[in-house]
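Q: Now for the letters of each chain:
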Amino acid sequence: MATRIDVTGLTAYYGKFKAVSDVNLTIEPKNVTAFIGPSGCGKSTVLRTLNRMHEVLPGARVEGSVLLDGEDLYGPGMDPVNVRRTVGMVFQRPNPFPTMSIYENVIAGLKLNGVRKKALLDERVEESLRGANLWDEVKDRLNRPGAGLSGGQQQRLCIARAIAVEPQVLLMDEPCSALDPISTLAIEDLITKLKSSFTIVIVTHNMQQASRVSDATAFFSLEKTGDPGRLVEFDKTSKIFTSPSQKRTEDYVSGRFG
Amino acid sequence: MTTEPDSSAEKAEPRGAASATDPPVGEVPTTESAGDTPLTDETAKAAPVTPTDETTATPTDGTASTGTPMSADLATPATIMAPTAAPPPIASAGRSAVGTADLVFKNITRTAGIGLLVLIAAIAIFLVLRATHALSANTGHFLTTEEWFPNETPPKFGVAATLFGTVVTAAIAMIIAVPIAVGIALFITVYAPRQLASILGYVVDLLAAVPSVVYGLWGLIVLAPHMKGVQLWLNDYLGWIPLFGGDSVGRSFLVAGVVLAIMILPIVAALSREVFLQVPIAHREAALALGATRWEMIRTAVLPYGKPGVISASMLGLGRAMGETIAVALVLPASFKISVHWLEPAGNTIAANVANGWGEANDIGQGALIASGLVLFIVTMIVNIIARAIIARRRDFSGSSA
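As they're listed, the protein sequences go chains A and L.
Okay, so the first sequence: first residue is 2 according to the numbering used here, each after it adds one.
Okay, so the second sequence: first residue is 406 according to the numbering used here, each after it adds one.
It should be emphasised that the hints constitute simulated quantities derived from the structure, not laboratory data.
Virtual Cβ for every residue (Gly too), placed ideally from N, Cα, C.
Take the hints with a grain of salt, since some may be wrong.
Mimicking SDA-like on lysine to any residue, the simulated pairs with C-alpha atoms at most 20 Å apart in a straight line are [what the hints assert, rightly or not]:
#1 K712/L with R800/L
#2 K17/A with Q600/L
#3 K17/A with K237/A
#4 K112/A with R699/L
#5 K633/L with G650/L
#6 K112/A with W700/L
#7 K112/A with R704/L
#8 K112/A with E701/L
#9 K112/A with L708/L
#10 K194/A with K17/A
#11 K712/L with R145/A
#12 K237/A with R5/A
#13 K237/A with E224/A
#14 K19/A with G65/A
#15 K17/A with P598/L
#16 K31/A with S102/A
#17 K112/A with Q169/A
#18 K119/A with Y104/A
#19 K17/A with R599/L
#20 K712/L with S102/A
#21 K112/A with P598/L
#22 K112/A with G650/L
On the chain L side, residues computed to face chain A include the following (Cβ under 8 Å) [said to hold, decoys possible]:
#23 D652
#24 H688
#25 L693
#26 E701
#27 P709
#28 Y710
#29 A760
To give a feel for the contact side, a few chain L residues facing chain A, derived at Cβ under 7 Å [said to hold, decoys possible]:
#30 A691
#31 A694
#32 G696
#33 I731
If we strip away everything but chain L, and leave its shape as in the complex, we get:
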């Protein structure tokens, strides 16, 4: 009993002392000092700052027999100067020093983070340059013009009609998909018996992993043809509401919205299920113990707790719906017209317009499409900011602080 702590303490002491003076003295714990030494040698060779490198690295080993974080901190300056030289010693020295691994990981993540920002900035600059070029040649007003003739001379185009179509189809998709998705998630997490729930949960996760265009094609080929009856019914009986009015029905905003709803349904359902699973049992039991029925328990404990998560999931779905190209391009007749009759065969969206128009676009035309893409980006950003504001408004009550 008494020898063990003693010996370990002794081991710890010499290790630090030995590596401070000359590395290879230590017996068993040489893994650390052996790992450290090659690194400093390597970096010293690679970087032209040899003296500082040695002096900063060596005392670290000597003083910090226990602390790896300290050695990592002190060794940082060396590797900032020679970031490319750091990985090889780790590869060769293998599983050895924790400090080295920390260092390498830190630099990899830092490079990745900075790289991403640079990449985004580069893309943004490129897009803005191309777009500005086209916009300066535009003879219409980009935000209010409904026509889209960027390839003519003089070019005249505006994003009004496609932006309208994007917002309307995405809104229809959200109105249909979110309640159904939340319903599915609630059924799986609260109502379904345990075995069925685990199977269903697995299936929903699988479905969410399938590319949405697959559902889009199904909606297009199987569902859309059957939408005619529904649309006629809506037109006949609810035609007095402008949205359902109009002279004819066909490949309309409504059909596109339904197809989009099908596409985003699995991902919203899967994420909502994940969120509802997080609701602590304690809160659910608290509601039940007050005499809540299952539905009352959902309203009291599950939905309020899951609301921020469901909003986030919906935003992800909305992003997909607004960015969807092919399925919408196949449904909508690509007419550039703002119509309040959502059953009429008319309309287009920004994303579908890009997919349709890119092939035959000239230089100005491509710039115009890029500009419309930037508008889509801004709209998505605004929607996300609003969603975050909604979530943040009652942060105190989110339960995360508890």
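Pulled out of the complex, with its shape left as it was, chain A reads as follows:
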């Protein structure tokens, strides 16, 4: 089951600083949507507002609404904890829990949800690791520390950890920027595979990556440093990379800008 996300009039602040202003876009279910744009344009900020991770930072707040299948994530009585169980996230740097084994890392989210049955946990670990294309590489050392894996494996472990709780949406914040090309390819293959089960939103600096994996692309930009970032154009990926309607998008994707 995957979910559609409607973002309306979204403005995000860090304290007094307006990081991104008035974003409107609709993310289709079982699609990969890529956010691209120069550094500081607010694409990561927008991503983090989609599971209320933005407000974890001190002083950060959000205006506007984010509807998940019609339900406002920022509505009154909406618990951010529940939001994050529905909208999973993978970070820029692989961050498996260093004190836990591979197995414990995968079930970390399930344990938070109160799943205790060993048989069920075993099943979900295998399922999630297979889902993250990692099972064959680690099935013999599930009790070894997760931090002992290579960077690419760690990132896939983090993806396994995120999908183990069966979220409806998976957010990825530059998931390949710390990885080598081979590991990047592995993650991209994985994204294409995960698309059949989840709605995926990915922030990337790599335009080839955006054009390879995504169905829709949102281009963010900012006038100058200190200004809030804005959504410049949002369309089908094929359109953004071949015949964008905005001049600035064309400049950016053709490499003439930023």
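Chain L: place on chain A using the hints.
A: Chain L alone, transformed into the frame defined by chain A:
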């Protein structure tokens, strides 16, 4: 553009060549060669090994126009022979040669390190000699006897009662202080709003710097008198547990333990806070993104990561608690008796016993107190080894390898 790298390369070359043959030729970069030359002269004067000194030092300058480590390595033999002669040239030649500074620093640290070991060995030998003297005169069994009459003839004394008191009071202090300290640290690092957190963090650091005896006195004068009600309550309602049983309550192990807890609380809290601050934001966010509440985030990411550090902090607190003299000496009635009733006015600790007994101790008595001090040392060491073993057991999972 093209002249710059050229000229710098030229400068580098002649510098090495010039100082190899005769020092004062070079123009700007003379700082290095000028610094080196006085040193070799000085050491040559001080140490009787002039020829080797010159020959080892000179080629160094010639070959290593770039590398200071190399010159430091080669010059070492000279200064090992004359370590005292090294500092003066540095003082006079001032900020000059990096190689010289390295050399001096290396020797200072080496001297300090060796000196410390020698000092410890000397202390240990002295203490063991004094203690053995007293132990050979002892008519009781040192480890099992409860009485403490080392000044009588014949002397009869044992460390059993005071060791028991030390362990019990320190254990009570740890049981009370560590959870509270960890709670304070967690509140400051996770729950408190940022401004309050920075103020509180500063205050806790300040409190940790205050000598613990100050807290001990406060606990003694202000808190201990109010402990009577608590102790009576425990005795009335939980008296069926031997620990809280007994006929009377008063200046007991419990009071001493509470006072010790107050004394070690700030240092354990300050160190734990420091440890929790080290938890990478990435791990905390990973937990939150999985849908963890704040407490679940602490349990998933913060506590496991900080556990070794908290254990170390607790060990430091434990060391203070076991070594504390005055506060405990003022609380406990200094009776030499092993009692399982921890509310009764009884007991003594090794450290308090030393503080109380040293003044009136004769030769044997002092030896006996020293022997008990050595027991305290061994106990502390055992506890530390156990703590390290606990930390090392899951080293792979500590996160330091990542």
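Q: Against this structure, judge whether each hint is valid.
A: So, going through the hints one by one against the coordinates:
In summary, the hint linking K712/L to R800/L is supported, as the alpha carbons are separated by about 11 Å, within the 20 Å threshold. Using a Cα cut-off of 20 Å, the hinted pair K17/A and Q600/L holds, with the two alpha carbons roughly 16 Å apart. Distance check on the hinted pair: K17/A and K237/A sit about 34 Å apart at the alpha-carbon level, beyond 20 Å; violated. About 15 Å separates the Cα atoms of K112/A and R699/L, which keeps this hinted pair within 20 Å; it holds.
With a C-alpha separation of about 14 Å, the suggested pairing of K633/L with G650/L holds against the 20 Å cut-off. At roughly 14 Å between alpha-carbon atoms, K112/A and W700/L fall within 20 Å of each other, so this suggested pair holds. With a C-alpha separation of about 11 Å, the suggested pair K112/A and R704/L falls inside the 20 Å cut-off, and the hint holds. Distance check on the hinted pair: K112/A and E701/L sit about 10 Å apart at the alpha-carbon level, within 20 Å; holds.
At roughly 16 Å between alpha-carbon atoms, K112/A and L708/L fall within 20 Å of each other, so this suggested pair holds. A hinted pair counts as satisfied when its Cα atoms are at most 20 Å apart, and K194/A with K17/A does not qualify at roughly 41 Å. This hinted pair checks out: K712/L and R145/A have alpha carbons roughly 19 Å apart, not beyond 20 Å. A C-alpha spacing of about 16 Å is found between K237/A and R5/A, which places the hinted pair at or below 20 Å, so the restraint holds.
With a C-alpha separation of about 24 Å, the suggested pairing of K237/A with E224/A is violated against the 20 Å cut-off. Pair hint K19/A plus G65/A holds up; C-alpha atoms about 13 Å apart against a cutoff of 20 Å. The suggested pairing of K17/A with P598/L holds, with an alpha-carbon distance near 17 Å, which does not exceed 20 Å. For the proposed pair K31/A and S102/A, the alpha carbon gap of about 31 Å is over 20 Å, so the pair is violated.
Only pairs whose Cα atoms come within 20 Å are accepted, and K112/A paired with Q169/A is accepted, the gap being roughly 18 Å. Distance check on the hinted pair: K119/A and Y104/A sit about 12 Å apart at the alpha-carbon level, within 20 Å; holds. Straight-line distance between C-alpha atoms of K17/A and R599/L comes to about 16 Å, which keeps the hinted pair within the 20 Å bound. Among the hinted pairs, K712/L with S102/A is consistent with the structure: their alpha-carbon atoms are about 16 Å apart, no more than 20 Å.
This hinted pair does not check out: K112/A and P598/L have alpha carbons roughly 28 Å apart, beyond 20 Å. Distance hint between K112/A and G650/L is unfulfilled; the C-alpha atoms sit about 42 Å from each other, more than 20 Å. The criterion of a C-beta within 8 Å of any C-beta in chain A is not met by D652/L, whose closest approach is roughly 48 Å, and the hint is violated. Hint status for H688/L relative to chain A: holds, with the closest Cβ pair at about 6 Å, below 8 Å.
A cut of 8 Å between beta carbons decides the hint on L693/L: the least distance to chain A is about 6 Å, and the hint holds. Among the interface hints, the one on E701/L holds; its C-beta lies about 5 Å from the nearest C-beta in chain A, closer than the 8 Å criterion. Because the smallest distance between the Cβ of P709/L and any Cβ of chain A comes to about 4 Å, under 8 Å, the interface hint for this residue holds. Because the smallest distance between the Cβ of Y710/L and any Cβ of chain A comes to about 6 Å, under 8 Å, the interface hint for this residue holds.
Checking A760/L against chain A: minimum C-beta separation of about 42 Å lies over 8 Å; hint violated. With a least beta-carbon distance of about 5 Å to chain A, the hint placing A691/L at the interface is held under the 7 Å criterion. Satisfaction of the interface hint for A694/L is found here, the shortest Cβ-Cβ separation to chain A being roughly 4 Å, below the 7 Å cut-off. Because the closest C-beta pair between G696/L and chain A is about 3 Å apart, less than 7 Å, the hint holds.
For I731/L, the interface hint is violated, the least distance from its beta-carbon to any beta-carbon of chain A being 40 Å, above 7 Å.
Of the hints listed earlier, those the structure fails to meet are numbers 3, 10, 13, 16, 21, 22, 23, 29, 33, in rising order.
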